[in-house]
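Residues per chain, in single letters:
2 protein chains.
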Amino acid sequence: MLKFELHKTHGHARRGTLTLNHGTVETPVFMPVGTYGTVKGVLPRSLEEMGAQIILGNTFHLWMRPGLDVIGKFGGLHRFEGWSKPMLTDSGGFQVWSLGEMRKISEEGVKFASPVNGDKLFLTPEVSMQIQTVLNSDIVMQFDECTPYEVKGHLTTEAEARKSMELSLRWAKRSQAEFARLENPNALFGIVQGGMFENLRQESLDALVAMDLPGYAVGGVSVGEPKDEMLRIMAHTPHRLPAHKPRYLMGVGTPEDLVEGVSQGVDMFDCVMPTRNARNGHLFTRFGDLKVRNARHRDSEAPVDETCTCYTCKNFSRAYLHHLDRCGEMLGPMLASIHNLHYYVNLMREVRQALDEDRFDSWRVQFHADRARGV
Amino acid sequence: MLKFELHKTHGHARRGTLTLNHGTVETPVFMPVGTYGTVKGVLPRSLEEMGAQIILGNTFHLWMRPGLDVIGKFGGLHRFEGWSKPMLTDSGGFQVWSLGEMRKISEEGVKFASPVNGDKLFLTPEVSMQIQTVLNSDIVMQFDECTPYEVKGHLTTEAEARKSMELSLRWAKRSQAEFARLENPNALFGIVQGGMFENLRQESLDALVAMDLPGYAVGGVSVGEPKDEMLRIMAHTPHRLPAHKPRYLMGVGTPEDLVEGVSQGVDMFDCVMPTRNARNGHLFTRFGDLKVRNARHRDSEAPVDETCTCYTCKNFSRAYLHHLDRCGEMLGPMLASIHNLHYYVNLMREVRQALDEDRFDSWRVQFHADRARGV
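Chains as they are written, first to last, in the UniProt record's numbering: chain U, 1 to 375; chain V, 1 to 375.
Just so you know, the hints here were simulated from the structure itself, not pulled from any lab data. From the three backbone atoms N, C-alpha and C, an ideal C-beta is built for every residue, glycine too. Be careful, since some hints might not be right.
Here are the simulated lysine-lysine pairs, DSSO-like style, with alpha carbons at most 30 angstroms apart [to be verified]:
1. V/Lys104 <-> V/Lys120
2. V/Lys40 <-> V/Lys173
3. V/Lys8 <-> V/Lys73
4. V/Lys104 <-> V/Lys163
5. U/Lys40 <-> U/Lys227
6. U/Lys173 <-> U/Lys3
7. V/Lys314 <-> V/Lys40
8. V/Lys314 <-> U/Lys40
9. V/Lys40 <-> V/Lys8
10. U/Lys163 <-> U/Lys120
11. U/Lys163 <-> U/Lys73
12. U/Lys40 <-> V/Lys40
13. U/Lys111 <-> U/Lys152
14. V/Lys227 <-> U/Lys314
15. U/Lys314 <-> V/Lys73
16. V/Lys152 <-> V/Lys73
17. U/Lys3 <-> U/Lys120
18. V/Lys227 <-> V/Lys314
19. V/Lys314 <-> U/Lys85
20. U/Lys163 <-> U/Lys85
21. U/Lys227 <-> U/Lys120
22. U/Lys291 <-> V/Lys314
23. U/Lys73 <-> V/Lys314
24. V/Lys3 <-> V/Lys173
25. V/Lys163 <-> V/Lys227
26. U/Lys73 <-> V/Lys291
27. U/Lys163 <-> U/Lys152
28. V/Lys73 <-> V/Lys85
29. U/Lys40 <-> V/Lys163
30. V/Lys163 <-> V/Lys173
31. V/Lys163 <-> U/Lys291
32. V/Lys85 <-> V/Lys152
33. V/Lys314 <-> U/Lys314
34. V/Lys120 <-> V/Lys85
35. U/Lys314 <-> V/Lys173
36. U/Lys227 <-> U/Lys8
Computed list of chain V residues with no C-beta within reach of chain U, every gap over 10 angstroms [claimed, not checked]:
37. Gly100
38. Arg170
39. His322
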């Protein structure tokens, strides 16, 4: 089940509500990434408290560990990981693709050896749908091939990108057929590919739209391309997708990228950046980024971000976070992850409010000015 | 400031209330250990929610990192680490003693090289009091020398234990004098030493009691001695301490040890066992201990402990904890630490309730029967 109501538009930017089997999601939205059935270092209750509305799970990783028999016994990922709100799972395509020379791609699917125990495995559109049906995620992603930007210095050519995009389209159709056969009660999203070529993006988009899927993603960005290439595709594709369906930009990105994405008509984002950077002491704030490891924070009584209302900023100082980082204490990444995820979730909350109040343009100017100010 | 009200006794066991500068503590009590200004892997809010009343800080470690200038700027450890309830700090004596051959003990104090940056440092009773005054802990421990049970296979002789105990007594007097000179508004505890020799324990106790300190600890147990040796000292010393003052058994121990300690008249306990074991997947439950790494938990839908009301047991299964452990996910130790600390804190809550209701004996029989049942 998926229902999408569009409340308001401002240029390409949109304000909507997405209704899924496990609840509603106000858009634009940022979705924290929970690879192995856990958003790294964060209690589910902390996610709820910061206002996370929907989180991700990774099909490939969960297939490896704990395995489908275990998650199946729990009736899906929600009960297994203690998260009752909506959830989105990727298709596993990106992860098997990331295995590089350890996998072999054919028309049928992707053969690879399990990185956990070496078992020979075969991931196909059908298998991906079967796994995601067991996971019972609210949003299921089609199985696709991610077109690389470059491989060992060789830029992907238009012919290569076309071949890859067309394979993903055929896999989209097989995904859709299997999803229907399984009578999966959730919502299947198609993924627009086409590399850095607008004409291919348009072909991919047209073919997927003809399939009348309940939502669409833009894939194959944030895969190593220069920023201006990413911005070019972000400017091309999202707003051409059907207006009455949700649009998801996969794996993007910095706070600035998210705001740009909203401007270009994107409704949904995910990225590991807030949690990964947190574990390296890199904190996002309204006034730019802060490296908590920096010696200048050693005795700072200030919170990470004075304007932030997260648990970390309300209770702890930069000096304390600096100390925890220096001592290698777990609480350091824990508090930093809470802050960074809160920053991302709250950024989208501010975007929604600005859209609701018809002041997105002025909000965006202020956002960039604040971020450039420096912390 | 320290006030201790004794509400009830049952044999040697006691039920009391301890009032300190940062609040009151119902005894018997377990105190989670926060070595570097953080109870490893646990948010302070989780500690409050599970009912932790008082936590520990380690003088030696905090002196090294972040250093006194930083904690001094925050007016003490409470604000620095975001904990508003009572706090106890050790003297640093045990940690410098643990440095082994890297330190040199004299009448004056202990010379050693900082394990963090190699600086030559000198810890004395006076310096320990000065540090703990900056930390502003509610309970300050005297500087002492921990008498080892054995050194490289050589059991400590009575003569050696006497020499060490007498040094600790002289350091107790210097601690008391410096504590007074500093006008520290908190409470100084003496530490009974004497190794495994009852006569020395009695001498140490008598001399310390003559100093009229507001509370007393039993040190030098749980330092590698066989269990029956520890039980012998636990049976000897605590109940001989002044009845109207709090008694603290340092660094002990298993759940069974705590219950035995209560029976012998101990009011306060600390131990790293709940958090350290949690990080190794060793969980304490009413019905014995559980190794979450064990393959038999792979698909278990049961909580760690059906009778437990902690956040972990209310929301997650053994299968999920097994999965997190297997994937090396931070959430594993986080959830296990919450559970184990809750177990210890709640164990003392049950003890207090049993004492309040004059049924400690029957409670204790049931406790041992339950623990022996196996999980």
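For each hint, the structure was consulted:
1. Proximity of V/Lys104 to V/Lys120 is assessed by CA-CA distance (about 11 angstroms); at most 30 angstroms being required, the pair is judged to hold.
2. Among the hinted pairs, V/Lys40 with V/Lys173 is inconsistent with the structure: their alpha-carbon atoms are about 34 angstroms apart, more than 30 angstroms.
3. Only pairs whose Cα atoms come within 30 angstroms are accepted, and V/Lys8 paired with V/Lys73 is rejected, the gap being roughly 42 angstroms.
4. Our distance criterion of 30 angstroms between C-alpha atoms is met by V/Lys104 and V/Lys163, whose separation comes to about 16 angstroms.
5. Of the supplied pair hints, the one linking U/Lys40 and U/Lys227 holds, its CA atoms being roughly 27 angstroms apart against a limit of 30 angstroms.
6. This hinted pair checks out: U/Lys173 and U/Lys3 have alpha carbons roughly 22 angstroms apart, not beyond 30 angstroms.
7. A distance of roughly 21 angstroms separates the Cα atoms of V/Lys314 and V/Lys40; the hinted pair therefore holds under the 30 angstroms criterion.
8. Restraint check for V/Lys314 and U/Lys40: satisfied, since their Cα atoms lie roughly 20 angstroms apart, inside the 30 angstroms limit.
9. Straight-line distance between C-alpha atoms of V/Lys40 and V/Lys8 comes to about 34 angstroms, which puts the hinted pair past the 30 angstroms bound.
10. Note on U/Lys163 and U/Lys120: the hinted pairing holds, with a Cα-Cα distance of about 26 angstroms set against a maximum of 30 angstroms.
11. For the hint linking U/Lys163 to U/Lys73, the alpha-carbon distance of about 39 angstroms lies beyond 30 angstroms, and the restraint is violated.
12. In summary, the hint linking U/Lys40 to V/Lys40 is supported, as the alpha carbons are separated by about 16 angstroms, within the 30 angstroms threshold.
13. Restraint check for U/Lys111 and U/Lys152: the C-alpha separation of about 22 angstroms stays at or below 30 angstroms, so the hint holds.
14. With a C-alpha separation of about 45 angstroms, the suggested pair V/Lys227 and U/Lys314 falls outside the 30 angstroms cut-off, and the hint is violated.
15. Annotation: proposed proximity of U/Lys314 to V/Lys73 holds, straight-line Cα distance about 18 angstroms (limit 30 angstroms).
16. For the hint pairing V/Lys152 with V/Lys73, the CA-to-CA distance comes to about 43 angstroms; that exceeds 30 angstroms, so the pair is violated.
17. Of the pairs offered as hints, the one joining U/Lys3 and U/Lys120 is violated, with about 39 angstroms between alpha carbons and a cut-off of 30 angstroms exceeded.
18. With a C-alpha separation of about 34 angstroms, the suggested pairing of V/Lys227 with V/Lys314 is violated against the 30 angstroms cut-off.
19. Only pairs whose Cα atoms come within 30 angstroms are accepted, and V/Lys314 paired with U/Lys85 is accepted, the gap being roughly 17 angstroms.
20. Among the hinted pairs, U/Lys163 with U/Lys85 is inconsistent with the structure: their alpha-carbon atoms are about 38 angstroms apart, more than 30 angstroms.
21. Pair hint U/Lys227 plus U/Lys120 does not hold up; C-alpha atoms about 37 angstroms apart against a cutoff of 30 angstroms.
22. At roughly 36 angstroms between alpha-carbon atoms, U/Lys291 and V/Lys314 are farther apart than 30 angstroms, so this suggested pair is violated.
23. As the CA atoms of U/Lys73 and V/Lys314 are separated by approximately 18 angstroms, the hinted pair is consistent with the 30 angstroms bound.
24. Between V/Lys3 and V/Lys173 the alpha-carbon distance is near 22 angstroms, which keeps this suggested pair within the 30 angstroms criterion.
25. Distance restraint check for V/Lys163 and V/Lys227: the Cα-Cα separation of roughly 24 angstroms lies within the 30 angstroms cut-off, and the hinted pair is therefore satisfied.
26. Using a Cα cut-off of 30 angstroms, the hinted pair U/Lys73 and V/Lys291 holds, with the two alpha carbons roughly 21 angstroms apart.
27. For the suggested pair U/Lys163 and U/Lys152, the alpha carbons sit about 19 angstroms apart, so the restraint of at most 30 angstroms is met.
28. For the suggested pair V/Lys73 and V/Lys85, the alpha carbons sit about 19 angstroms apart, so the restraint of at most 30 angstroms is met.
29. Under the criterion of a C-alpha separation no larger than 30 angstroms, the hint pairing U/Lys40 with V/Lys163 is inconsistent with the structure, at around 51 angstroms.
30. In summary, the hint linking V/Lys163 to V/Lys173 is supported, as the alpha carbons are separated by about 16 angstroms, within the 30 angstroms threshold.
31. Pair hint V/Lys163 plus U/Lys291 does not hold up; C-alpha atoms about 51 angstroms apart against a cutoff of 30 angstroms.
32. Taking the CA atoms of V/Lys85 and V/Lys152, the gap is near 41 angstroms; set against the 30 angstroms cutoff, the hint is violated.
33. As the CA atoms of V/Lys314 and U/Lys314 are separated by approximately 27 angstroms, the hinted pair is consistent with the 30 angstroms bound.
34. Between the alpha carbons of V/Lys120 and V/Lys85 the distance comes to roughly 34 angstroms, so the proposed pair goes past 30 angstroms and is violated.
35. Proximity of U/Lys314 to V/Lys173 is assessed by CA-CA distance (about 42 angstroms); at most 30 angstroms being required, the pair is judged violated.
36. A distance of roughly 29 angstroms separates the Cα atoms of U/Lys227 and U/Lys8; the hinted pair therefore holds under the 30 angstroms criterion.
37. For V/Gly100, the shortest C-beta to C-beta distance to chain U comes to about 21 angstroms, beyond the 10 angstroms cut-off, and the non-interface label holds.
38. A cut-off of 10 angstroms between C-beta atoms confirms that V/Arg170 is not in contact with chain U; the least separation is 33 angstroms.
39. The Cβ of V/His322 does not lie farther than 10 angstroms from every Cβ of chain U; its closest approach is about 8 angstroms, which violates its non-interface assignment.
When held up to the earlier numbered hints, the structure conflicts with 2, 3, 9, 11, 14, 16, 17, 18, 20, 21, 22, 29, 31, 32, 34, 35 and 39 and fits the remainder.
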